[in-house]
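Enquirer: Hints given; two lone chains; assemble the complex.
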Amino acid sequence: MTLLNWAVVLSGLYALAALTYLIFKARSFGPRSAYSTPQGSPSRGIIYALGRGMMPWEKESARLHIFTYMGGLLYHIGIFAGFAILLAKTLSVEIPPLLHEALRLCLALGLVSGLGLLFKRLLRPQVRRLSLPDDFGANIFVDIFLAAALATSSRPEVTPFFLAYSIFLLFYIPAGKIRHCFFFFYSRTLFGLFFGRRGVLPARPVER
Amino acid sequence: MSLDQSRDVPLAQRLERLGPDDYKTAILRLAETIDAPSAVHLESCVRCGLCAEACHYYLDDRDLKSIPAYKLNLIIRVFRRYLGSGGRLASGWLKTRDLDDREVREWIDVLFGRCTLCGRCALSCTMGINVPALVRKARGLLAAMGLVPDGLASTVAAAKETGNNMAIPREEWLETVSWLEEELQAEIGDPTARLPIDQQGATMLYVVNPREPKFYPLTLTAAAKVFHTAGESWTLPSTYFDVTNYAYFSGDDEVAGLIASRLKSEMERLATKTLVLSECGHGFSSNRWEAPDWLSQKTGYEVKSVLQVVADYVRTGRIKLDPERNPKTVTLHDPCQLVRLGGIVEEQRLILKRAVRDFVEMTPNREKNYCCGGGGGQLSMTAFTARRRSAGRVKARQIERTKAGVVASPCHNCLDQLAELNKQYRLGVKVKSVIELAAEALVLNKK
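If you read the sequences in order, they're chains B and Y.
Going by the working numbering, the first residue of the first sequence is number 502, and it counts up by one from there.
Going by the working numbering, the first residue of the second sequence is number 188, and it counts up by one from there.
The following block holds chain Y by itself, in its conformation from the complex (with noise of 0.2 Å):
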């Protein structure tokens, strides 16, 4: 069943349809998907539990299920069945299992259910296995059999079939641009400002999440500015427009790099330099670094986050920021999939330490942050709803710790789980992107 076809059918009936067949394909998928480092890491954990308090839901459940040690050994006991040494000759030693109707049903409530890929618990693991690598291959194994629940699986169908994961229209996307080159050109009362659609040759290709043009216009509207202000050669495409990539997020490999491969034909339709992505996590681990893996091939471009660009612009002066202009404490929290798995550390705090009169950080920061509790795609599985929002409790508490009145954060899916355990946990706080607050200490050129 792939995942197309089980789109409009509920999870709970697909789990139902299943039949010998579909294991068959997942432990084919299983052995195509393991390579040499899963297979050492599959190797190497020894239960020692140290991982445990790594992990955001652990903290928040204190359940066995949430431990990262308990997520990896369902993949574990199931890769030594088929295909690890000695688990068929020593199956009650080893505890291995068959992958059968009960396995895969744990499977999804704990691997898509209790994991966010944020990746902390590799960092705090004895062996140093890559936890997330391993849980996004099993998420494979279960998009193989198209099981992947059932909001994540319309964001990716809906992503596959009109080239963003909101189903925007381009005509709907054209008229939008242009209203904001409109507002833009209003707000800083210069007719030459610009929010350029195709834009042969220009230097930097931007991408943006589609959530910016759907609901927070003025996301887009502030780099544009920002870009203005540096007089930068920029443009924004016309079809493909969607920085993110939920298949990154479902395990599937293929339907990534299909999405993938959408932006590289942009970038080389317009002969444009440098891909240059908005404020998204897993839109920047996925295009900077899984993308030229699931495409088989170097890009032959840059790709950069925004935070690398405008941090340029900050280093090189030019552009000038006022921190006057955001008078009140604000503090930041790490994407995981940009920080900690995706080297973007320093230059938004490079950003922000100019942008606003008084930074804060958050304890623990920078690689070691805890998750908002909404990436892996758990603001789109609906099933997990309140499970995410009760993780979300850590990174609250971190917030309120800060006693700061704005929270900062560089990924459209952090803000919208921010913005949900704002209300939540009545923090009092405004939600905001890093950009966002550059853009409002923005020193503009006088004409």
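In isolation and in its complexed conformation, chain B is listed as follows (with noise of 0.2 Å):
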């Protein structure tokens, strides 16, 4: 491996680091008591919150936005991908070719779902106003980062760049919004437990 290789192990690790220690410093602030008796099952809660919960026909905001919530999906399956070109081309792992093409399809649909979002951000007045420059940072971050990725998976001249730039990318992760790849499902699993516990979610059958 050369030095670059090593430096994107290393700024790997740091935000992993930096992760876990932003996730024990939430946790620092303490449990929130639970006295009550449950009424429902706090594991269906989280069950239901961390899968059919996020469904479109189960999210009414899903279901109105429902191209926004496609692209939310296709975007991050696309970072995903991205990571699996970064994890390999780190480690000098060759993918096997209908693994490659089904990662720059993903990387290709990804990139085009988070230009699409980044445009909607830009140009819905509301979305723009209630938006930090973070917002915009973390969304044109990863776009390049994906793109990056793109290019490095048919043109290995690009590598060099992409490797750079995902160190870059993995100090910003933990500083900004794109923490939430970890607090999302600790969020969900908090508000399952939460809706769970009270017999809320998932809801009980009619009673004729």
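It should be emphasised that the hints constitute simulated quantities derived from the structure, not laboratory data.
Treat the hints with caution; some may be incorrect.
For the chain B half of the interface with chain Y, some residues (derived, Cβ under 8 Å), not all of them [as the list claims (entries may be wrong)]:
1. Ala527
2. Arg553
3. Arg605
4. Arg656
DEER-style ranges, computed between Cβ atoms [said to hold, decoys possible]:
5. Gly552/B to Arg292/Y: 28 to 34 Å
6. Leu606/B to Ser483/Y: 52 to 58 Å
7. Arg588/Y to Gly638/B: 43 to 49 Å
8. Thr390/Y to Thr538/B: 38 to 44 Å
9. Glu587/Y to Arg625/B: 48 to 54 Å
10. Arg553/B to Lys590/Y: 31 to 37 Å
11. Thr572/Y to Arg629/B: 39 to 45 Å
12. Pro557/B to Ser483/Y: 36 to 42 Å
13. Thr390/Y to Arg629/B: 57 to 63 Å
Ideal Cβ positions, reconstructed from N, Cα and C, are used throughout, including at glycine.
Expert: Structure (structure tokens):
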């Protein structure tokens, strides 16, 4: 492995450590007390929150904004593909051709979706006013990452740039909005715990 | 400035008097009340804005400030400034804010004036953020600064000082109950029918909304009629009878705990087994779910909604209902605190399906139902009345689409708001509680 490859590994470890620290920092505020007797099942609530509860037929916001919802899904699939490419390039692992093509497709769709979401954020006045510089920055940084991953997957000469850029992105992840990649699962779990415990979600069968 | 001290001073003057110590107090309060789930949720918002249409305020006015993510980010920017990660170093990039005069004014307007704590946005949130829990914590911070809007502050103070939110004297309560007992006996022709007071060892202690003895005594008689017919062992308390807890809406956990502790002491004094809560959304949510946490202990007794009790009577045949006595089409409004945040979803439906000839659902319904606009203490905060009524348009349209002649709701707060909407939007419906409809359909035991 070259020095650049090692630098990617180290920045990846830094990102993981920093994200873990952020989770522990949030946990350091202390647990919420729960003295009331549960009415439903917290575990069923969590399973719902991380599964069916995110589907358009369950979630009104996903249904009403189906293109944004689909765009968000594709964007995140693209990001996973980007990290798969990064892992392969860093560890100098050859990706089988079929998987390579699938990853390229995911990257392309992810990039288009990311740009679509960026334009939506820029062009819809209320979403623009709701946004922080970090929201635009995070989107642009990730879009560049996807574009670089796509480029490096067909043109090996781009690889040094892709690796160097990835170092920057890995350092940025815990610093701003992209930290939600870790918080997402924690936050949804808490959602499921709350509504599951109270017997609200998943909904009970209708009584005749 | 405590809530008590601030009660007689209008909010505008209280704002003018704020000093550096008040802001320090508020930040300390923030640090004390934020727990791990809150911190996780405050770190999670991605400002996608998909929550907008979940809020009835936004559906009505399409204002940026009505988007739940906007409300949440008022809290996030202060949290990050003082307690979050990177808030001081990257304040421009993350747009963090000091808690100052401008900020608290916006918090009051938005977090008190544009939110009913209904929780509908939480269901729509991509990240699953419990927005109402965080708004409530922010309200608690304002409460610590003595900045609860006037009407809500005085409602909480009345409950704290007198034991019920309408400051009904004990004698008046007892006289009303005695008068209602006579009315009930006359209505059903049964001199054994009672509204028992302080019955030691009864199975159920029934607590009510002070609005019932004060303005709508027939709802209390309706419940008594159902209990009597079911042969229930029950009692009303002579002193602390108030199911409501408006400190839940002001965010003041200390006062909320004090109010909740009174019902606990009544349960212990009378050695009753189950605390049964009259039709009240936030009364259920606060007594069933929040009170044990405020008091840092398990209650040691069951806490039930009257809907659960009556639904059980229906299921087990302890009472019989004749739907022909309620021939009009009835629809149901689901109170947010009872249904979405409380988990009482099917009981009211079971009762209504047996008590009325034609029951139609609103769309959407159950945990996805829209707030009527009267929750979160809105009915008591007169400064926001116009906004509340306007945001109620969403509910009014929902009711209209059902073409029902009667709107039932198991919450007295909701009933008040629905009655106002009925007038304002000329809905031409009757507004009734679920237990009222059940009592009207009740087949009395022949002696």
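Enquirer: Now tell me, hint by hint, if it's right for this structure.
Expert: Results of checking the hints against the structure:
At about 4 Å, the closest approach between the beta carbon of Ala527/B and any beta carbon in chain Y falls short of 8 Å, and the interface hint on this residue holds. Residue-level restraint check for Arg553/B is violated (minimum Cβ-Cβ distance to chain Y is 13 Å; threshold 8 Å). Because the closest C-beta pair between Arg605/B and chain Y is about 27 Å apart, greater than 8 Å, the hint is violated. Interface hint at Arg656/B: violated, since its Cβ lies 32 Å from the closest Cβ of chain Y, which is beyond the 8 Å cut-off.
In this structure the hint that Gly552/B and Arg292/Y lie 28 to 34 Å apart at CB is violated, the actual value being about 42 Å. Restraint check, Leu606/B to Ser483/Y: a C-beta distance of roughly 55 Å satisfies the suggested window 52 to 58 Å. A hinted range of 43 to 49 Å holds for the C-beta pair Arg588/Y and Gly638/B, which are about 44 Å apart. At about 18 Å, the beta-carbon gap between Thr390/Y and Thr538/B misses the expected band of 38 to 44 Å.
About 30 Å separates the C-beta atoms of Glu587/Y and Arg625/B, a value inconsistent with the hinted range of 48 to 54 Å. Restraint check, Arg553/B to Lys590/Y: a C-beta distance of roughly 33 Å satisfies the suggested window 31 to 37 Å. Between Thr572/Y and Arg629/B the CB atoms are about 32 Å apart, so this pair departs from the stated range of 39 to 45 Å. Distance hint for Pro557/B and Ser483/Y: a CB-CB separation of about 41 Å, consistent with the stated range 36 to 42 Å.
Separation of Thr390/Y from Arg629/B is about 59 Å and conforms to the stated range, judged on CB atoms against 57 to 63 Å.
In summary, the numbered hints that this structure violates are 2, 3, 4, 5, 8, 9 and 11.
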